[in-house]
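Please construct the entire structure, taking both the sequences and the accompanying hints into account.
Protein chains: 2
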Amino acid sequence: MRCVILGGAGFLGRHVGTAMAAAGNEVWSVDRVTVRPAESAEWLAGEVLTDFSDVASWWPRTGGADVLVHLASTTVPATASADPLADVQGNLLGSLRLLHGLRQQKARPRLLFASSGGAVYGRPQSVPLAETHPTLPMGAYGVTKLAIEHYLRIEEAQHGLPQRVLRLSNPYGPGQRPHAVQGVVAVFAHRALHGLPLSVWGDGSVVRDFVYAGDIGRAFVAAAQHAGHERVFNIGAGSGLSVNDIIAALERLLGVAIAQERQPGRPFDPPVNVLDTRRAHAQLGWQPAVDFDAGLARTLDWLRTQP
Amino acid sequence: MRCVILGGAGFLGRHVGTAMAAAGNEVWSVDRVTVRPAESAEWLAGEVLTDFSDVASWWPRTGGADVLVHLASTTVPATASADPLADVQGNLLGSLRLLHGLRQQKARPRLLFASSGGAVYGRPQSVPLAETHPTLPMGAYGVTKLAIEHYLRIEEAQHGLPQRVLRLSNPYGPGQRPHAVQGVVAVFAHRALHGLPLSVWGDGSVVRDFVYAGDIGRAFVAAAQHAGHERVFNIGAGSGLSVNDIIAALERLLGVAIAQERQPGRPFDPPVNVLDTRRAHAQLGWQPAVDFDAGLARTLDWLRTQP
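As given, the protein sequences belong to chains A and B, one line each in that order.
Using my numbering, you'd call the opening residue of the first sequence number 1 and step up by one each time.
Using my numbering, you'd call the opening residue of the second sequence number 1 and step up by one each time.
Hints listed in this document are in silico derivations from the structure and should not be mistaken for laboratory results.
Treat the hints loosely; a few may be bogus.
Here chain B is said to cover these stretches of chain A; the calculated rule only asks that three of the stretch's residues, wherever they fall, bring their Cβ under 8 angstroms from a Cβ of chain B [claimed, not checked]: (1) 84–92; (2) 96–110; (3) 137–145.
Where a beta carbon is used, it is the ideal one built from N, C-alpha and C, also for glycine.
Pasting the structure below:
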């Protein structure tokens, strides 16, 4: 099968592309930037440098697609909150243009959308969060992710586009940029490797679900083949780690004590977000294979190769 | 109190404005068109002809607002489905600009938003639909209504804007245009008055919740004063009428048999949509006061005055 990854040049793109290629697929990237480094992109059959939402600009050049992985995003939670209008324009309108463009090409690939299990539910009424939990996002990023989910469901009902939604928890792993505004594992691991102190909001007790990016890649492979009636799947570790747990794991793996600078807590951070991943296990036959210490060790190995 | 109605020149604007004025408020309209007919707009203290989302263009001219009723919409369900991008641009981005503009004016009026109880829930899992029912809209119109609800909740949590959401069922009453693409009561009543046959989709058994527009006006007055912790309220009759029931009521009131032309059913119409309005009753002290035959008689009286 031909798999086209929208946003294939990003951190998750490489992990999904690697897993899709290992499963025997021909994998293309559609992104505004090229996949780097090119020498380690043996998973890549080809790429088109363009805006993912302009379907006519890439569909003929990839030769179409059987599976379309939609990882493209112009925002992260912090930038979406800072400018919700730009978030809507880039992501929501971009995704609507994508759906419209696919219809115009009379193209009905299976579309796999990377939504956010950390953003669409809002403050948990119970933990772990199942897919049936109310969706009351507490930030703009979750509002647009959720709206895109709705448009996909409508597109399938009214126009027959097959689709699956993967609500990802917090991904981490090799390739995650350590200087970004999100990705606490990459940021902390990079700073710890370089002997720099860590900035910790509040008392470090905030708990999140961290999932290894390679496991996310395998989840997309499973979702590409899913035949059941469910459409939305939580993809996460299914268990939580606090910020303090991450620091303890880094100290364990590096064999050093890591200095910390405490910052005031952020009142809108829910104290706990852990996904219930039983549906993905039962329906996709998927569960995470890489535990946190092993995934963190691989992340540190990769960071050591970076300037 | 000063009440500014965004979209005050529309069908619901007049009913909300009349109720707000009767409750002692100074009522302004902000709309791209003027309130007509001017001679029957004794409820209106003043109006500003502008785009509701451009807050700087109207806020100084109304002298601000204590209560802001957001009825402005550039679409109805059919036009939103036909062009979801325009729906997002007009309604979702317009509402985000409104929130941004209010923040820039350092204005924190209470914002009352007209959402759609017919669109945000999607296919009912149980009837009547309570506010806690899952929100899985089956059309673009419901997706943007729901997204605006989310942005309002976030705006209150992060920036202190007091807000209430009124999820309206199908409004009808005097002033509803009989030549529009929605508003089955007005369309049927107008055609019946003129001896024209009615177009009925399917077998006429589709059930909807019809609420008299004057009762909606009273619901906004109650929501302007609500002090409890709930934010979302269904506003409807709380009971359902089929299309055939509406025709029977018209035949009863007009004393004639009405010809019908049956059209194929529309597969995406849920068979039943009836709202559970117990929360509005308990929290707002509101319930509908005008039963369907009385409201229909007033609608017919108004239509008889129209060319």
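* Identify every previously stated hint that the structure contradicts and give their numbers, smallest first. => none
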